[in-house]
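S.K.: Here is what each chain is made of, one letter per residue.
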Amino acid sequence: MPNKTFFWFFLPTGLAMILFIGLPIISTGIQSFYAQHDQVVKEVKKCDPFGCTVSIVVDNEETTKIRDAKPLGKFNGFGTYTDRNHLAVDEIKKFWNETGSFGAFVDQVTNLPFYKALIFTLTYCLFVTPNVLLLGFIIALSLNAVARKIRGPLIFGTILPMIVTPLVGSLVLFWMIDSQGIIGANIQNLMNDPYLSLKSSKTLTWITIIIYGIWHHSPFAFVVFYAALQTVPQEPIEAAIIDGASRFQRIKHIVLPHIYPVVTFVALISLMDNFRVFEPIIGFSAEGSAQSLSWLIYDNLVNEEVILFGSAAATSMMTIIGIAILLAPVLIRTWKEFKTAR
Amino acid sequence: MDYGLDTKSARLKTFNTIFIIVWLLIACFPFIWTFWGSFKVRADFFSRSDWWYAISAFNTLIETGGKFTTNAYTEAWTEGEFWKASKNTIIVTVFVVSISLFLGTLGAYALSRSTEKYAFWILMAALIFRAMPHITLVSGYLFPFFELQIWGILPTTIVVLVAINQPFTLWLLYSFFKTVPKELDESALIDGCSYFQAFRHIIMPVMWPGVITAGLFSLMLAYNDFTVTALLLNQENHTMVPKIQSYLGTNQHEGNLMWAVSAVVSATAPLFMLVMFFQRQVISGLTAGAVKG
Chain S
1 MPNKTFFWFF
11 LPTGLAMILF
21 IGLPIISTGI
31 QSFYAQHDQV
41 VKEVKKCDPF
51 GCTVSIVVDN
61 EETTKIRDAK
71 PLGKFNGFGT
81 YTDRNHLAVD
91 EIKKFWNETG
101 SFGAFVDQVT
111 NLPFYKALIF
121 TLTYCLFVTP
131 NVLLLGFIIA
141 LSLNAVARKI
151 RGPLIFGTIL
161 PMIVTPLVGS
171 LVLFWMIDSQ
181 GIIGANIQNL
191 MNDPYLSLKS
201 SKTLTWITII
211 IYGIWHHSPF
221 AFVVFYAALQ
231 TVPQEPIEAA
241 IIDGASRFQR
251 IKHIVLPHIY
261 PVVTFVALIS
271 LMDNFRVFEP
281 IIGFSAEGSA
291 QSLSWLIYDN
301 LVNEEVILFG
311 SAAATSMMTI
321 IGIAILLAPV
331 LIRTWKEFKT
341 AR
Chain W
1 MDYGLDTKSA
11 RLKTFNTIFI
21 IVWLLIACFP
31 FIWTFWGSFK
41 VRADFFSRSD
51 WWYAISAFNT
61 LIETGGKFTT
71 NAYTEAWTEG
81 EFWKASKNTI
91 IVTVFVVSIS
101 LFLGTLGAYA
111 LSRSTEKYAF
121 WILMAALIFR
131 AMPHITLVSG
141 YLFPFFELQI
151 WGILPTTIVV
161 LVAINQPFTL
171 WLLYSFFKTV
181 PKELDESALI
191 DGCSYFQAFR
201 HIIMPVMWPG
211 VITAGLFSLM
221 LAYNDFTVTA
231 LLLNQENHTM
241 VPKIQSYLGT
251 NQHEGNLMWA
261 VSAVVSATAP
271 LFMLVMFFQR
281 QVISGLTAGA
291 VKG
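So the sequence lines, in the order shown, correspond to chains S and W.
If you count the first sequence from 1, position 209 lands on 209 in our numbering, and the numbers rise without skipping.
If you count the second sequence from 1, position 171 lands on 171 in our numbering, and the numbers rise without skipping.
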């Protein structure tokens with residue numbers, strides 16, 4: 001295809017992506033160097049029969065004037081990145097000098113909002129991704145063994161958790177697991193502890209969200225693995241059966257190597273999706289004990305008094321860096337393949 | 001796997017059946033339960049005293065005189081203005097699907113027929129764009145949109161959703177276009193067609209399965225989106241998913257949980273129907289990138 005034709009064919013979609021994905025990333029980068037203006041305060045002298053008092057109030061008029069003149073806020077450089085709500089450089093230095101043991105230091109650091117969110121996000125990725133791969137593979141194997149006629153409805157039932165939006169999926173589970181729901185109430189009875197509930201325990205909340213993640217993402221892994229299983233050649237498997245290989249050996253030495261590229265694909269996609277975990281935290285109303293990086297950004301953006309553009313942008317930039325680190329191995333591999341292919 | 005030589009023991013078969021039944025229960029029961037509960041009153045579905053009320057409908061009988069009630073639905077759709085939210089969802093979905101298919105087919109066709117190096121780099125860039133968390137993009141949109149005074153309205157959200165959707169649509173349609181032999185459009189070009197004519201009259205007619213799959217995925221993205229619609233639309237223009245969240249209530253004001261339950265059922269049912277009809281396309285779409293690549 002000539003370059004000129006390519007250009008006209010690609011222009012609309014390219015323009016859409018540059019304007020609404022490329023530019024916003026740059027805009028986020030710029031915003032992250034600015035912080036919202038401080039409120040202008042003025043002294044007001046108030047006199048009553050008992051004497052005069054001087055109080056400090058916010059000068060709304062002046063504040064609005066400054067905000068209108070410079071809507072982006074004041075330049076802050078890397079100030080937002082290093083403040084308490086993000087990398088918290090000063091706090092960490094202080095903790096390092098003040099705390100006696102390493103354990104106490106880690107404890108202090110993981111209580112800072114950014115690190116707390118980072119640890120939850122990474123824990124979520126670490127537990128959900130491998131389990132999704134495993135469960136998806138097992139479901140694919142076992143559905144592949146049932147009669148072809150009834151597979152259609154079974155597949156439909158299996159992919160339901162995936163097609164609902166995460167908010168709805170987590171709500172549906174939450175309503176059952178909550179202390180007033182069917183599962184929550186029964187667990188309370190079983191444990192004989194009327195105060196046992198999701199909200200009361202941080203560990204329980206984390207476990208629930210991770211289980212939700214596995215429930216929501218496994219169908220995707222299943223669908224891809226199931227399709228890949230259809231392409232596994234029969235001859236080597238029959239040869240292996242004649243040679244006396246067990247079922248487990250057949251899966252390990254023939255099926256798995258065959259679908260290996262697909263496994264890496266699923267792992268990559270679900271890692272990327274898990275890294276942006278956010279809606280389940282709202283669905284489970286778990287803001288108190290579990291926060292993710294995406295949730296921090298959301299929280300800044302729905303702030304009721306002043307939208308914290310700078311703070312949200314700084315967290316966004318660091319999330320993007322995180323994504324880049326996750327993607328780097330794939331990009332490097334594709335680049336190498338591309339170079340050798342030429 | 002069902003191969004001629006592969007004999008399965010009875011024990012393995014039983015185990016397999018049990019596993020599938022248990023899994024299907026885990027996957028489907030939450031939806032069945034929510035559907036069932038949406039016809040009860042709050043005191044039953046979220047019972048403080050006994051969860052069995054949700055089945056025996058103890059309070060529903062007292063409050064409404066019947067075992068099932070559709071009060072939650074009528075209230076949410078009228079008083080809760082869920083009709084407005086579903087109207088907005090329909091508008092957003094229809095426009096997002098048609099625009100993103102239009103842009104996506106053109107772009108993906110060009111990518112699949114180009115032998116230049118930049119086509120590879122564009123696909124890589126699309127992959128990176130696909131990985132961006134939507135909330136980070138939203139944090140980039142909000143400020144410029146406020147300044148340009150285009151925040152809160154449906155057209156902005158539609159354009160944003162189309163753009164966010166493009167990387168995935170491009171990859172999906174690219175892998176479909178790759179399966180259409182090049183000779184087909186080359187012969188059309190020799191016969192004197194322009195590239196656009198070849199695309200319009202030769203390629204598109206054989207591309208319908210791919211287009212339907214891509215359309216379904218655009219539809220699911222637009223229909224299911226929470227991050228973009230919740231933050232870029234004002235209260236008046238909210239679509240279904242942010243509306244459901246607003247029924248949940250916050251620390252300041254108590255929500256109406258039964259509205260949320262019935263709204264969840266109302267929003268999920270059409271999606272399930274759609275997937276039931278187009279199951280084959282959904283699955284082929286999910287596997288297109290994986291198995292062929």
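Careful, some of the hints might be misleading.
[Claimed, not checked] Result set (DSBU-like, lysine-lysine): computed pairs, CA atoms no more than 35 Å apart in a straight line:
1. 182/W with 339/S
2. 149/S with 117/W
3. 8/W with 252/S
If you're looking for bench data, these hints aren't it; they were derived computationally from the structure.
Just so it is clear, the structure is predicted and the values come from calculations on it, not from any experiment.
S.K.: Compare the distance between the alpha carbons of residue 8/W and residue 252/S with 35 Å, and conclude whether the hinted pair is satisfied.
M.R.: 18 Å, holds
S.K.: For the pair we were handed, residue 182/W and residue 339/S, check the Cα-Cα distance against 35 Å.
M.R.: Since the Cα atoms of residue 182/W and residue 339/S sit roughly 24 Å apart, the hinted pair holds (cutoff 35 Å).
S.K.: Run the distance test for residue 149/S versus residue 117/W: straight-line Cα separation, threshold 35 Å.
M.R.: Violated: residue 149/S and residue 117/W sit about 46 Å apart, past 35 Å.
Violated hint for the displayed structure: number 2, the only one.
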